[in-house]
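2 protein chains.
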Amino acid sequence: MNIVNYLSEKARKLTPYVAGLQPKNLGFIKLNTNENPYPPSPKVTEALKNADIAKLKLYPNSDSSALCEAISERLGVKPENVFCGNGSDEVLALTFQAFFSGKDNIIMPEISYGFYPVWSEIYDVTAKPVPMGEGFIINTRDYKSGNGVTLANPNTPTGIALNIEEVEDIVKNNPDGVVVIDEAYIDFAKATSAIGLSKKYSNLLVVRTFSKSYSLAGLRVGFAVGNNELIDALQRVKNAFNSYPLDILAQTGAKAAIGDIDYFEETRKRIIETRMKTVDNLNELGYDVLDSQANFIFMHAENAKELYEYLFSDKILVRYWDKPRIDEFLRVTIGTDIEMEAFIQCVKQFLKEKPMKQQ
Amino acid sequence: MNIVNYLSEKARKLTPYVAGLQPKNLGFIKLNTNENPYPPSPKVTEALKNADIAKLKLYPNSDSSALCEAISERLGVKPENVFCGNGSDEVLALTFQAFFSGKDNIIMPEISYGFYPVWSEIYDVTAKPVPMGEGFIINTRDYKSGNGVTLANPNTPTGIALNIEEVEDIVKNNPDGVVVIDEAYIDFAKATSAIGLSKKYSNLLVVRTFSKSYSLAGLRVGFAVGNNELIDALQRVKNAFNSYPLDILAQTGAKAAIGDIDYFEETRKRIIETRMKTVDNLNELGYDVLDSQANFIFMHAENAKELYEYLFSDKILVRYWDKPRIDEFLRVTIGTDIEMEAFIQCVKQFLKEKPMKQQ
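Heads up: the sequence lines are chains A and B, in that order.
Residues 95 to 453 (my numbering) are what the first sequence spells out, left to right.
Residues 95 to 453 (my numbering) are what the second sequence spells out, left to right.
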């Protein structure tokens, strides 16, 4: 029997999300998956080195209570307003299952996080992708009367952010559905987080991650903040397929990370400064860069694919998508000053060999 | 608007699995969730203490390649025959999605792991529960011509195991579907693992966990072994909802655990010996105990609920289900000799206060 016959209809149809390369050999300057160039807080190292390994024989606290409490203290909400999962990917996947599964008219930007269409497919969600305006602008008037909305703010891969009034408009204009604001990159933004609004609107769910601003991509921790009944629903769905989701060390490390505000502020500030410097340098070279409020930039380049390959051959990894509307752009994660200097030098070299056709 | 209206149909209908208590305060003898009473191997401690915490800023290897390789070496299969996930719960949930979703006639024992019916509900699987024979025996003749089969071997909560010929019969008699053998407890059994058969039968998937025999419940690592096309299908489904599932420390710890065969053999042997001693002691007191090949026993007690509560008041936690057919049983995890001695003493005390009505 052909093995494909064993597969469920769903598994056969799936088009999985393709993540950025994680090269095994070192020596690459890795500017392709929006990781933080700085290591986690020394308090994370301390907490993990002091962790009682013998306790790993026991199941973890299934609700990550201590971590939820630390997050709630830090963000000024209650522990019952916080839900933790294995990275914001899992939190978002559960969110789709809990609030969007089987529904139509779930509004999302045409260009955004590549997982939204994949989850729509797997969880029987009829997405309503909204075309974007000139310059990849999200026009809040297009986000009305949905059975749900999902939106990355700042958006990816553009880095552009809505301000808090615009987010509130969307939340108000979609009273019949849950509005999910995916704030993976908000800590690098001037824009205000929507977490404050979650006390006012019971249909708002804000999703966050430890992967970017807390330098913990390798630990897989994300969370959601919202009305406690929305959080209950996420718990329900989570408990339906995995009794003990976050391992003990992940809970321990994330808790230590969120407790170290000074380190967080310092690394976040450094990344924002490096971003501004990088954008200036690219502008000087003649490149247009979208107004980024994230830890990456989205730069226009007529010959984006060639530039991608040129950088790759110099062991600098950035992200390129061969897709309509964005095939003349590169997404470049902000690394350290030294890494970005190497990136700029390589771009300069490329320009010497292949000058721009037009300014 | 009432928040229940935000929920998907699926989320509304869900009856989540209820896991055993994880008491926060210490002082309990915890014999209720089949954890290993011994700490993880010293090699796990060493590997985790030496882990490079700075690397947590990067995403993990998304396929857990190094861990899959270590598992494959240990079990005599190829790395492409191994799939890793966040505990066997996640591996099994993905298995249901990949092979059973949307199908009917998925055969499973009437009494088995409580998650099977929950996953059936969430993933649109029409389960065909098979009534069990006298003494909770699984009769292989009842497991034929399904669109899939899922079976815990040894079974839970009974602890009873099929021998390898019986497992092979089931695999042969269900050529049109995937047969999932959930071997969470096989390392405590006389029965042979079905992993060897997976080379012969492309419809066999064996699921395992690090939670029990490797003392790593707190690290959340499970895996599946099978034909590489079945493994590919699991990867596909996994990649559709979470790009980087196992965190770096979980991969590191599990890899160290599977490399320490001596420690594994020693702790496993100790648990089997303690189980035999515990069964003897209970038999002497007049209790019938099913023939367990797991790290727990399923003992008959007319007044099971009372005994459960008596033990609880003495700070000994075991598992009781108020459900038809099993409401006169307790499932008791095998702890250390000292813990089981305390358990037996408490049962003796109970018998003094409430002697058995009949032998």
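None of these hints come from the bench; they were simulated from the model.
Fair warning: this is a prediction, and the values are worked out from it, not measured in the lab.
Some clues are possibly wrong.
In this list, chains with the same sequence are indistinguishable; a pair is considered to hold if it fits within one copy or across any two.
To be verified - Taking lysine-lysine pairs in the DSSO-like style, the calculated list, with each CA pair at most 30 Å apart, reads:
id, residue 1, residue 2
1, Lys349, Lys104
2, Lys149, Lys409
3, Lys409, Lys442
4, Lys442, Lys143
5, Lys371, Lys149
6, Lys149, Lys363
7, Lys451, Lys137
8, Lys293, Lys107
9, Lys399, Lys266
10, Lys104, Lys149
11, Lys446, Lys266
Violated constraints from the hint list, given by number and in increasing order: Hints 1, 4, 7, 9, 10 and 11 contradicted; others consistent.
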